[in-house]
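Colleague: What follows is the residue order along each chain.
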Amino acid sequence: GAVVSQHPSWVICKSGTSVKIECRSLDFQATTMFWYRQFPKQSLMLMATSNEGSKATYEQGVEKDKFLINHASLTLSTLTVTSAHPEDSSFYICSATDLRGRTGELFFGEGSRLTVL
Amino acid sequence: KNQVEQSPQSLIILEGKNCTLQCNYTVSPFSNLRWYKQDTGRGPVSLTIMTFSENTKSNGRYTATLDADTKQSSLHITASQLSDSASYICVVSGQAGTALIFGKGTTLSVSS
Chain B
10 GAVVSQHPSW
20 VICKSGTSVK
30 IECRSLDFQA
40 TTMFWYRQFP
50 KQSLMLMATS
60 NEGSKATYEQ
70 GVEKDKFLIN
80 HASLTLSTLT
90 VTSAHPEDSS
100 FYICSATDLR
110 GRTGELFFGE
120 GSRLTVL
Chain V
104 KNQVEQSPQS
114 LIILEGKNCT
124 LQCNYTVSPF
134 SNLRWYKQDT
144 GRGPVSLTIM
154 TFSENTKSNG
164 RYTATLDADT
174 KQSSLHITAS
184 QLSDSASYIC
194 VVSGQAGTAL
204 IFGKGTTLSV
214 SS
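Protein chains in written order, with the working numbering: chain B, 10 to 126; chain V, 104 to 215.
Just so you know, the hints here were simulated from the structure itself, not pulled from any lab data.
Keep in mind the model is a prediction, meaning the values are calculated, not measured.
For each residue, glycine too, the CB sits at the ideal point set by N, CA and C.
Honestly, I wouldn't trust all of these hints.
Unchecked claim - Derived DEER-like restraints, expressed as beta-carbon distance ranges: (1) B:SER27 <-> V:GLU108: 30 to 40 Å; (2) B:LEU35 <-> V:GLY144: 35 to 45 Å; (3) V:SER113 <-> B:PRO17: 41 to 51 Å; (4) B:PHE48 <-> V:GLU108: 45 to 55 Å; (5) V:SER212 <-> B:PRO95: 34 to 44 Å; (6) V:THR159 <-> B:PRO17: 32 to 42 Å; (7) B:GLY25 <-> V:PHE155: 41 to 51 Å; (8) V:ILE115 <-> B:GLU61: 39 to 49 Å; (9) B:GLY25 <-> V:THR154: 44 to 54 Å; (10) V:ARG164 <-> B:LYS50: 21 to 31 Å; (11) V:THR154 <-> B:SER92: 38 to 48 Å; (12) B:LEU35 <-> V:SER156: 41 to 51 Å.
Could you build all of it, start to finish, from the sequences and the hints given here?
Modeller: Take a look at the structure:
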């Protein structure tokens, strides 16, 4: 099946630094990618939806200037956590789909665990 | 408002027992409904995807049902195993090209 790859899978950074997480669709073109955050023992929380070549749509309460999303190609989206703080420590997951199809399958990455010290 | 409600929020069962998870939605127009399994610390993995015309679909010990009239879906797990312990997420899609609506998931714990 299709594969969505996230990198890095685990990152530790100092407070105040910025961290970039990549999400790649390896064998299909992803018209749309989604970014989620998941705190321990909680459900996935959708942060933003990004369509290739256009600005991301952020969910209510998600700061677009803090969580920069770029979806410059049909196989790559990036999430940059700017000026990270300990409360940004979380599990970040992306998913990708090709919405040009009637029943576009949705594939998830393996997630990236961010720890901000 | 498009919503997806899952129940129960959490469930504990003994190994070998069966269980059923529920997903009710108000998404309209409807395109498809997906069930995902998410192990702790991993990304979700697709179990089934069902369109409007499909009533049931199986994937091994997992069987999903869909009633598009009542806008309800269930995921039945047969002869549960310890490895079934995970979160199960229901995702509903409107017409192609529209947003995907996520349920909050059901956390299943299978104990020996």
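Colleague: Hint by hint, say whether it matches the structure.
Modeller: Evaluated hints:
no.: 1; hint: B:SER27 <-> V:GLU108: 30 to 40 Å; in the structure: holds, 37 Å
no.: 2; hint: B:LEU35 <-> V:GLY144: 35 to 45 Å; in the structure: violated, 21 Å
no.: 3; hint: V:SER113 <-> B:PRO17: 41 to 51 Å; in the structure: violated, 31 Å
no.: 4; hint: B:PHE48 <-> V:GLU108: 45 to 55 Å; in the structure: violated, 20 Å
no.: 5; hint: V:SER212 <-> B:PRO95: 34 to 44 Å; in the structure: violated, 29 Å
no.: 6; hint: V:THR159 <-> B:PRO17: 32 to 42 Å; in the structure: holds, 40 Å
no.: 7; hint: B:GLY25 <-> V:PHE155: 41 to 51 Å; in the structure: holds, 50 Å
no.: 8; hint: V:ILE115 <-> B:GLU61: 39 to 49 Å; in the structure: holds, 42 Å
no.: 9; hint: B:GLY25 <-> V:THR154: 44 to 54 Å; in the structure: holds, 48 Å
no.: 10; hint: V:ARG164 <-> B:LYS50: 21 to 31 Å; in the structure: holds, 25 Å
no.: 11; hint: V:THR154 <-> B:SER92: 38 to 48 Å; in the structure: holds, 44 Å
no.: 12; hint: B:LEU35 <-> V:SER156: 41 to 51 Å; in the structure: violated, 31 Å
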